[in-house]
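Trainee: For the sequence shown, our numbering gives the first residue as 303, with consecutive numbering after it.
Because the hints were derived from the structure by calculation, they are not lab data. Watch out, some of these pointers could steer you wrong.
Stated by the list, open to error - Restricting the straight-line Cα-Cα distance to at most 30 angstroms, the calculated cross-link-like pairs of lysine-lysine (DSS-like) are: (1) 388 x 347; (2) 387 x 348; (3) 411 x 648; (4) 502 x 589; (5) 638 x 552; (6) 648 x 317; (7) 388 x 304; (8) 638 x 648; (9) 478 x 347; (10) 436 x 426; (11) 411 x 388; (12) 457 x 630; (13) 426 x 317; (14) 463 x 411; (15) 457 x 426; (16) 430 x 317; (17) 426 x 552; (18) 317 x 502; (19) 457 x 387; (20) 648 x 304; (21) 436 x 411; (22) 478 x 426; (23) 589 x 478; (24) 463 x 639; (25) 388 x 348; (26) 304 x 348; (27) 630 x 478; (28) 463 x 502; (29) 304 x 436; (30) 552 x 502; (31) 552 x 478; (32) 387 x 436; (33) 430 x 463; (34) 317 x 626; (35) 638 x 626.
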Amino acid sequence: MKIDYLSASVLPSEKANAVHVMHMAQAFSQHGHAVRLFGKRSAGKKDNEIFGHYGMAPDFALCLTAVALRPSIFFRILAFIRAQKKYRTDIVYGRDLWALLAAAMLGYKVIAEVHQMPLTVAEKLVWKLLLQHKNLQHIVAITHALKSDILADYKFLVPEKIVVAPDAAAEMDWSKIAALSTWPGRQGVLQIGYTGSLHKGRGIEIIEALARLVPEHDFHIVGGTAETSLSNLFYHGYQPHAEMPRYLQKFDILLAPYQPRIEIGTGVDISRWISPMKLFEYMATGKPIICSDLPVLREVLEDGVNALLVSPNDAEAWRRAVLKILDKDVVLETRKKFLQEYTWEKRSRSVLR
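Put together the whole structure using the sequences plus the hints.
Mentor: Written out as structure tokens, the structure is:
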């Protein structure tokens, strides 16, 4: 089958949405489909550099417009139309609602993936037009909470129209991951890590408080930089996604201290619908996870089974969770459920089924 994946992602970039669309395109192609991924090209980056940034082989085609082009949506739609001269696609999949609506109006079968509810007047209009279009085959919602909200706001939809597919991660052969040559942490002490952005609601303040409470252990934040006076807290800055397994391999415990309000770069609160890719990357390691106890995260995590769930903003509760893991008061099986349900291979198969 020929699949055109429409996204508004800048490739490569620090954004999680860019990681997501690259892995989904790769997974579709590994099922034997011919895939073209549409998006925006980071200035000066060639295709081989983009694939290398994500540690991927060039298994699918990139159809990218220059990030500087304005209005960018017009050029993305134009790129899609031009691509049809080479061959007409069988299905259009994606997260770019404007481009998906254009594809539906041009007569293509469309599957729309959504990670949050539309917020602006324009987004709501485009979303409603797409939902009512005869060429929309299915909607892929990243959580059951999001599906529930969509059905509540658009009562003309039937539940069967919406497929729930949580985020995912790559299945890794950890024995083949090259070790980092240098490491600032102390030898012989516990290495506790967090990977991801420093945006509001990610709980960086909890990690800093925890580092003060247990100075005998080292803490690491991979994904941004900030000032710290703590000798046992290390900021590693942004790293290409292909490097993440090398950092994850170094950690003994993984933290996901999400707060009740979680903002993305635009300031939008996504805490009700979030399905963080980070959690699935954590699960893939098989290492202990301590995570905030938020209702939406319980769709994937079970306290005492594949994670310890604690109060989001209670640093003392996080300290007790660390001690619980150290004292072996709990044995977490984080990798088993991941392999059963949350690899990119299984996610891509599910949404195309």
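Trainee: Next, verify each hint and record whether it holds.
Mentor: Going through the hints against the structure:
1. 388 x 347: With Cα atoms ~24 angstroms apart, residue 388 and residue 347 stay inside 30 angstroms; holds.
2. 387 x 348: holds, 23 angstroms
3. 411 x 648: holds, 22 angstroms
4. 502 x 589: holds, 26 angstroms
5. 638 x 552: Within the cut-off at roughly 20 angstroms; holds.
6. 648 x 317: holds, 23 angstroms
7. 388 x 304: holds, 12 angstroms
8. 638 x 648: Distance ~14 angstroms between residue 638 and residue 648 Cα, so the pair holds.
9. 478 x 347: holds, 28 angstroms
10. 436 x 426: Holds - the C-alpha atoms of residue 426 and residue 436 are around 18 angstroms apart, at most 30 angstroms.
11. 411 x 388: holds, 18 angstroms
12. 457 x 630: Cα-Cα ~49 angstroms, so violated.
13. 426 x 317: holds, 23 angstroms
14. 463 x 411: Answer holds: residue 463 to residue 411 is near 14 angstroms, not above 30 angstroms.
15. 457 x 426: holds, 15 angstroms
16. 430 x 317: Cα-Cα ~27 angstroms, so holds.
17. 426 x 552: violated, 44 angstroms
18. 317 x 502: holds, 15 angstroms
19. 457 x 387: Violated, at about 38 angstroms.
20. 648 x 304: holds, 19 angstroms
21. 436 x 411: With Cα atoms ~9 angstroms apart, residue 436 and residue 411 stay inside 30 angstroms; holds.
22. 478 x 426: violated, 46 angstroms
23. 589 x 478: holds, 17 angstroms
24. 463 x 639: holds, 26 angstroms
25. 388 x 348: Roughly 21 angstroms separates the two Cα atoms, so the pair holds.
26. 304 x 348: Satisfied, since the Cα-Cα distance of roughly 24 angstroms is no more than 30 angstroms.
27. 630 x 478: Holds, at roughly 28 angstroms.
28. 463 x 502: violated, 33 angstroms
29. 304 x 436: Distance ~20 angstroms between residue 304 and residue 436 Cα, so the pair holds.
30. 552 x 502: holds, 26 angstroms
31. 552 x 478: holds, 14 angstroms
32. 387 x 436: Within the cut-off at roughly 24 angstroms; holds.
33. 430 x 463: Distance of about 14 angstroms is within 30 angstroms: holds.
34. 317 x 626: violated, 33 angstroms
35. 638 x 626: Judged against 30 angstroms, a Cα distance of about 21 angstroms means the pair holds.
In summary, the structure is inconsistent with hints 12, 17, 19, 22, 28 and 34 from the numbered list given earlier, while agreeing with the others.
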